[in-house]
Amino acid sequence: MNRGYAKRRGERSSLSFSVFFDKILIAGIAGTLFLFILYPVAGVLMRSLKWNGEWSLYHYRNLMTLRNLELIRNSVFVATFSSINATLLAFCIGVFAHFKKRFVRNAIYRSLMMTMISPPFISAIALLTLFGRRGLISYGVFGVTLNPYGWHGIVILQSLSGVSLSAIMMMTGLSQIDSRLFLAARDLGANPWSTLKEVVLPSMVPTVLSVFFLQFTMNISDFTTPIIIGGRYRVLATEAYLRVYAQANLNGAAAMTVLLLPPAIVAFYFYRRNMKRVHTLSERAKILEMESLNFKLPKGVQMLTGGVVAVFFLINAVQYGNLFFTAFTRNVSGTPVFTLDHFAVFQSRHVDALIRTIYMAVAAALLSTMIGVLLSYYHRRRQMKGFGVLEFVGSIPYIIPGIFFGLAYVVVFHRGPISLTGTLIILILNCTFRHISVGNKAANAAFETLDHKIEWASYDLGASKIGSLLKVTFPILRPTLLVSFINSFTASMTTVGPLLFLVSPRNLVTSVLMFNEVNSGRYGQSAVIGSALILITFSVNLMAIRLLSAQRRRGK
Amino acid sequence: GDNGEEDVSVNEEVTEAEGNDVEEMDEEQERPFEGTVLELSVAYGGADGSFEAFTEETGIEIEWVSLSTGAKLSQLQAEEGETTTDVWFGGGVDSYFAARDLGYLYQYRSPEFDNIDEKYLDPEGYFGALSLVPFGFIVNEELIEELGLDMPETWEDLADSQYDGEIIMADPSISGGQYAILSGLIQVMGEDAAWEYWEAVNENVDYYAQSGGEPQQKVAAGEFAIGLTAIHGQTFGLMETAPVVGIFPSENIPWIPAPIAIFENSENKEAAKVLVDWYLSEHGQDILMEADARIMANRKVAPPEEMGTLNMDQLIDFDLERMGREREEILGSWKELIGE
Amino acid sequence: MKNMTKIYEENKGVRDFSLEVEKGEFISLLGPSGCGKTTTLNLIGGFIIPDRGHIFINEKEITLLPPEKRPVSTVFQNYALFPHLSVLENIAFGVRYFKKFQKRKALVHAKEFVDLVGLKGYEDVNIGNLSGGQQQRVALARSIATGAEVLLLDEPLSNLDASLRGSLRRELKELQRRTRVTMIFVTHDQGEALSLSDRIVVMDHGRIVQVGRPSEIYDFPKSSYVANFVGKTNKLTDKRGAAFFIRPEEIRLKKNEQSPYRIVEKMFLGHQTELILSEMSGEKDRVEVLLFGKEGRGYEVGDRVELLLNTDAKLKVGTE
Amino acid sequence: MKNMTKIYEENKGVRDFSLEVEKGEFISLLGPSGCGKTTTLNLIGGFIIPDRGHIFINEKEITLLPPEKRPVSTVFQNYALFPHLSVLENIAFGVRYFKKFQKRKALVHAKEFVDLVGLKGYEDVNIGNLSGGQQQRVALARSIATGAEVLLLDEPLSNLDASLRGSLRRELKELQRRTRVTMIFVTHDQGEALSLSDRIVVMDHGRIVQVGRPSEIYDFPKSSYVANFVGKTNKLTDKRGAAFFIRPEEIRLKKNEQSPYRIVEKMFLGHQTELILSEMSGEKDRVEVLLFGKEGRGYEVGDRVELLLNTDAKLKVGTE
Ligand SMILES: Nc1ncnc2c1ncn2[C@@H]1O[C@H](COP(=O)(O)OP(=O)(O)OP(=O)(O)O)[C@@H](O)[C@H]1O
Ligand SMILES: Nc1ncnc2c1ncn2[C@@H]1O[C@H](COP(=O)(O)OP(=O)(O)OP(=O)(O)O)[C@@H](O)[C@H]1O
Ligand SMILES: [Fe+3]
Ligand SMILES: [Mg+2]
Ligand SMILES: [Mg+2]
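Respectively, the protein sequence lines represent chains A, B, L and F. Heads up, the first sequence is in the numbering used here, so the first residue is 1221 and it goes up one at a time. Heads up, the second sequence is in the numbering used here, so the first residue is -5 and it goes up one at a time. Heads up, the third sequence is in the numbering used here, so the first residue is 4 and it goes up one at a time. Heads up, the fourth sequence is in the numbering used here, so the first residue is 4 and it goes up one at a time.
One or more of the hints may lead you astray.
Each computed DSBU-like pair below joins lysine-lysine, with the alpha-carbon atoms no more than 35 angstroms apart [unchecked claim]: (1) Lys106(L) with Lys26(L); (2) Lys317(F) with Lys297(L); (3) Lys257(L) with Lys319(L); (4) Lys269(L) with Lys238(F); (5) Lys114(F) with Lys1417(A); (6) Lys1417(A) with Lys123(F); (7) Lys225(L) with Lys238(L); (8) Lys269(F) with Lys257(F); (9) Lys1516(A) with Lys108(F); (10) Lys1673(A) with Lys176(L); (11) Lys258(L) with Lys176(F); (12) Lys108(F) with Lys1417(A); (13) Lys63(F) with Lys1320(A).
The set of hints was computed from the structure by calculation and includes no laboratory data.
Next up, chain A with everything else stripped away, as it sits in the complex (with noise of 0.2 angstroms):
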């Protein structure tokens, strides 16, 4: 019904400039995801077709052996152990903050929003320092010979750099919860414990398997960690990568990512399902200030929750410490001395690339907010036929691993009307597009909550659909498009893998800097670029949580 009056509506009026901007918008939307996911997603997926340049199922009919069956086992085991791993301490963190003072969980929070901006591989190279088989604690303090490269490794890494994003969507999930339930659990007399077991846990369910799924999608596409720290034990998309980088094999391993799609979108089923449940119990939430409340965690579980927070924060801060001690030290025979020898590396060409990445970062975190949440906005609100399926075509790029997404920008746009190699644009849009899903989910579920009528009410008071979008959707959801604001700057900011294969000389950016580095074995000045990257993202984060609260109190 309410399309057909839509369809009506623009019938009608379709000569009104607002309703032409609508329809350039909706058809802006739908042809960018197209073009900028679809169309080169296909396009890298064709290449496993070709066979020294015949069509051919040559490359999957050598995908499917034993090698790769137990390839894509050790995948999905690796990513479960750490998806859980993540998910439990997460859960821990989450728990903790929330029974605490507003300061004492605001800490938390920031210093989350801290250890999220982490690279990837700058926390495996601390752990090899410090706990590898010659680690300076490991070896250096308690004298202990440890072995890390295997699936343990990886498990433990993985399961480290998961825990910011997941801790802070539990924190979120917990604060959805109608803290009066607590209270009329206590009051019916369930101890806190029970309550924990009883209230707690069960309306954290939705939020637990998005966490679990959403981390699941993210590991099984890793392949930094498991080549740094896997040691003999290999994974799929290590393997994949591998031969792209290595053997230069690309019609391969694009095959080879397909076998990465079937555990990914299963997994990615289960996340959008979860979702959906958390909408349907948000709608009812209503936040009340834990401050008055007399609820305590029970000892055990205060003791247990409190630990994993001090572990965590722990290994942090001897990771981020380990990074700024790194960036400050030069090794003269196996003592470290005070030097500033490696911010020599900071060349013109680095702060360049410096600039243009933070240029690159904002550009296409403000616009896969945009996008993000005009695709919700058209999906939801306006009931947009076909906006379902752009929104799964929006998520592609999250469960493909990265290096793919890359090539497939390269595979796609070197030549032809549309050609950007070796441009900034082609950086921005393949960011841009990599992580609509944020944006995208954040709008969803903010959308879930945020009363229809309000819209209505602006049309009948004179304001066209693009007036309305403009002057009340996007304000009333500015804390939304903060927030995926700041994971899509974030991860465009440190993310590599896709990016590897976009940059030339002219646009370089921080994180393939820092990722030649590392290659190079240039501690010294990769923990340079890393302190400045983290830096600067955690400023530039910051900034928008100012915004935030700004915009928070006013509303209030």
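Position chains B, L and F with the ligands relative to chain A; hints supplied.
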């Protein structure tokens, strides 16, 4: 693009040079590519140290990105050779063979080829050779002492069970250098003997590194006692900061050339030729050797001092074309050997 | 002024709704939940399009116009105020877009309406900091400020507490008197409909059951459905065995130990007392009686009472 | 049965609240928003701890006990039902933890309470699919099922619409009569308080202003604050110039063209009619009059009327 400041500073230097020079016209003719920007894809550790000198002398500016040759080849395939890069600088020679066969490289036989052994380069001129990278061991002396191990001297020593778990080498299917060692030893030892040998070494290897540069980092960090590695400037750098030493085996030293090539798709081929000529010339080679100590391809340039222990006679007689030809077969056997 | 006919939606919704409204009239749509009140408003507001039928305002057909082009404005049930704008900005919103005023001019213009609804001094206050009643007034002002000819109000008072509801009811009436805007008011609270409206439209299952002035509806309901929905009724039988209806407030009581009626429940409500009587035999329905002021004080649960009925007290219920 | 004294929080909150409640009593806390009603309930429920003072139930001090150990159960304003549990499981929750029943036994036991609140057949329905009124009944059943001796209800009816509120009010009363549980009920709706309670506690600014039976409070308010909060009052002056209070329903009217009073507003409410009179001189306050049943039909806005007051109609307001 670059910012204007650099252009200005370059121009200033030029003015200075002009002031000192008597023949202004000549100067201009010698620098016909003043201000041209060449884009390089570099897989030659430390090479950037020489770019400034090149720009100063030729007026050609260099912008570069470092990318492993395997990755570059993938990228080339993805963009069907239509790269925006002009020159490919260093890296694994097998990728150059593949790129040549795919038609991505520009045929240019530099006049300097005459000073370079034909073995090192493509005789038809699709790529030249900048230098040779010899392979050997990197050993953590502290660790050797602590574990009470002997210093390894020959390839055979590595098969000794005393080194169990203390040897690290890269996966030859990933690292071109490691593949060169494998293929080289097969060429000199004969297939059967070589495979028997690698089987024994495999027993001592904990895991295979995922990049050619990793073994020396791991040995320097004290994680392993012995690493198989290319020995060049980076290795010598490590010897200053870590208790490690690079050792050449007393016989059968494998090597690979570090090639240089112009891309077929380059729009600055003339300037690129100037670059190739400059880097293959005795003068350019000296400067490059300064930036990263290697055995230079041009026979007029003597090996660097750092290579003191290297006995040039022990470099194996290496058939690069055969190395490329046998790649799939050898790597297949390798995978079987390590049980994948 | 308006003539809206034949509207139909799936099996529910609104069917064959036809009504003419005078300019400046205050019309209430009254009916139980789900009877199609909101649907009717949405049709007039333009948020949904009728499957059949037409809507006219001032003889101009608006059936297919988009909401932003209709001279109609809606006050939504939960107000749907813009949380990111201040009171004044909320009110100016419609002035800017509907009347197409410049921003500055719109704000000046909106100022008048802030005063109109008695929110002087609250111009820059954030919406979230207003009480429910104040929000309601902002929503009203926002709609009135557009200069719309017809105001649609969807249960604007239903989320407020009793005392606030009373005072806002009065304000609304006052405002309508002053502005002479046509108002169509949705409610399922009979007291609201009776006290505010010029005419009441009683609806059931998407159809109009009765249209009339409040006292008409109350005193001459067309059916027992209307009689029961608007006010309460008792069904009694007279001596000849004929059934008739009577309003609880039309029954007077007298204590009488011989009477078959006994008080089983007493609800003291201050200005009135509600009593539920049941007949000893238990055969007949319970009878609800409303006693006024101090009158109710004398009776307690358990007392036997006799019913006193005036001859004109019987409710005339139209043919069914 | 309970004796709660001296409680104090910051500058707001509740001060020196002292009250004894009989077993099985129905007590209402009545007062304007922010007067400390919720705070009082939270103190009894154990969600916050008093700065001073003590709370006893059955002579046992519970002041410092955690909520789960108190024989007290709260029905929250928005019910706070567990969205992940079914109706039956929600009700069984308290049985399991409060009465420490096994899960199976708890479910069987809970079944009884489902029937008690008339939700038979809804046992396995998801909470989200219930209407507001049904949710309210689940919340009640959940609290009652714990077998708590004291039930605390925080404005359980304030979010419901008028008709639903009326019927739930009756159900609540009925339930209390059957279970004889002590109930402490928070509201700011005077009608609710008057009709439901055995005793009403009127609060203002964290303090108790008056405690008494509904008719006591209505007929003998201790202060004009109470008089105005519970019911409406008119302030008139008698012939000797002394001011007195009178309830609107105690005034009768007679048409009289010479009278200084004129009807300025008429609100027809069906069973009663509310009239606002103003004196011609405009000096005195407006007078509100409530006419019952058909009595109100004869008057229209503009009529001149005379006030007829019974001698016993004056409201006795206690010393201020
Ligand atoms: N979009 C829709 N699709 C299908 N049925 C609908 C839709 N909107 C409303 N209905 C149905 O139409 C009927 C009338 O709905 P409407 O919202 O107009 O009722 P209402 O009178 O406003 O009720 P309430 O007093 O509860 O607000 C209801 O039975 C409802 O379920
Ligand atoms: N945690 C707190 N900190 C400070 N002041 C508080 C706190 N909780 C309540 N108050 C204040 O104490 C007073 C009483 O609050 P309470 O919630 O008990 O009011 P109430 O009578 O329940 O009002 P309402 O009818 O609006 O629910 C209010 O002025 C409130 O602002
Ligand atoms: Fe990545
Ligand atoms: Mg409705
Ligand atoms: Mg309260």
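Here's how the hints hold up against the structure:
no., hint, verdict
1, Lys106(L) with Lys26(L), "30 angstroms, holds"
2, Lys317(F) with Lys297(L), "12 angstroms, holds"
3, Lys257(L) with Lys319(L), "25 angstroms, holds"
4, Lys269(L) with Lys238(F), "29 angstroms, holds"
5, Lys114(F) with Lys1417(A), "23 angstroms, holds"
6, Lys1417(A) with Lys123(F), "28 angstroms, holds"
7, Lys225(L) with Lys238(L), "16 angstroms, holds"
8, Lys269(F) with Lys257(F), "16 angstroms, holds"
9, Lys1516(A) with Lys108(F), "30 angstroms, holds"
10, Lys1673(A) with Lys176(L), "25 angstroms, holds"
11, Lys258(L) with Lys176(F), "25 angstroms, holds"
12, Lys108(F) with Lys1417(A), "20 angstroms, holds"
13, Lys63(F) with Lys1320(A), "32 angstroms, holds"
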